[in-house]
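Asker: Residues per chain are reported as follows:
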Amino acid sequence: QKEVEQNSGPLSVPEGAIASLNCTYSDRVSQSFFWYRQYSGKSPELIMSIYSNGDKEDGRFTAQLNKASQYVSLLIRDSQPSDSATYLCAVSGNNRLAFGKGNQVVVIP
Amino acid sequence: ETGVTQTPRHLVMGMTNKKSLKCEQHLGHNAMYWYKQSAKKPLELMFVYNFKEQTENNSVPSRFSPECPNSSHLFLHLHTLQPEDSALYLCASSQERRGTSNYGYTFGSGTRLTVV
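Protein chains in written order, with my numbering: chain A, 419 to 527; chain B, 31 to 146.
Excised from the complex, chain A in its bound form (with noise of 0.2 Å):
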């Protein structure tokens, strides 16, 4: 079992509409989660973290976590053509952070 798994494939969404993107993980003692977008032919960058189960919001992202069901998961409200990026889960564990392989996002306008 892969250790962050995202399995939905390209992502298309209207401008205006909520996309919302899964992320399942194997390691139960995980503590810290992540969201990173990536723009094509550029680094990831940090949009959102979450530590404890529930809802975290920050302006247009909400993050969700529940980690009895080992799910984390991204909503997009109000999504804008400059939100078409891929986006990767992490979960941090063994030393490290475990990275899924990413869902892309495209916001048709």
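By construction, these hints were calculated from the structure, which means they are not laboratory data. Predicted, not measured: the structure shown is a model, and the values here were computed from it. Treat each hint with caution, since some may be false.
Derived EDC-like pairs: lysine to aspartate or glutamate, alpha-carbon spacing no greater than 20 Å straight-line [to be verified]:
{"hint": "1", "chain 1": "A", "residue 1": "K460", "chain 2": "B", "residue 2": "E83"}
{"hint": "2", "chain 1": "B", "residue 1": "K71", "chain 2": "A", "residue 2": "E463"}
{"hint": "3", "chain 1": "B", "residue 1": "K49", "chain 2": "B", "residue 2": "E97"}
{"hint": "4", "chain 1": "B", "residue 1": "K70", "chain 2": "A", "residue 2": "E421"}
We have chain A; now place chain B onto it with these hints.
Answerer: Then chain B, alone, in the frame of chain A:
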């Protein structure tokens, strides 16, 4: 300078060349990392340095040789590379506490390497 800086931004090298990638972090972090990102593939962790000591080497070929002279600088020495080594090479840093990455990684802008 702030954050994590990597040089050069782009590098084209022949298979017989020797070159080095440089990374410098200005964040006071105690851990540094090299990642490889190939097209359409996830991030691949190559090397980890905690407090200047190499703590992880993920079966990376010996044609890649890391060096960490101090907690702020990290190098990746390259020699006799293959075309399949062409990729984006990313450096990252973090503040580690007792093996838990509580604050995430800060990435540099990367070096786009092309081996011809």
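Asker: Would you mind marking each hint as holding or not holding in the structure?
Answerer: Status of each hint after checking the structure:
no. : hint            : verdict
1   : A:K460 to B:E83 : 28 Å, violated
2   : B:K71 to A:E463 : 17 Å, holds
3   : B:K49 to B:E97  : 13 Å, holds
4   : B:K70 to A:E421 : 19 Å, holds
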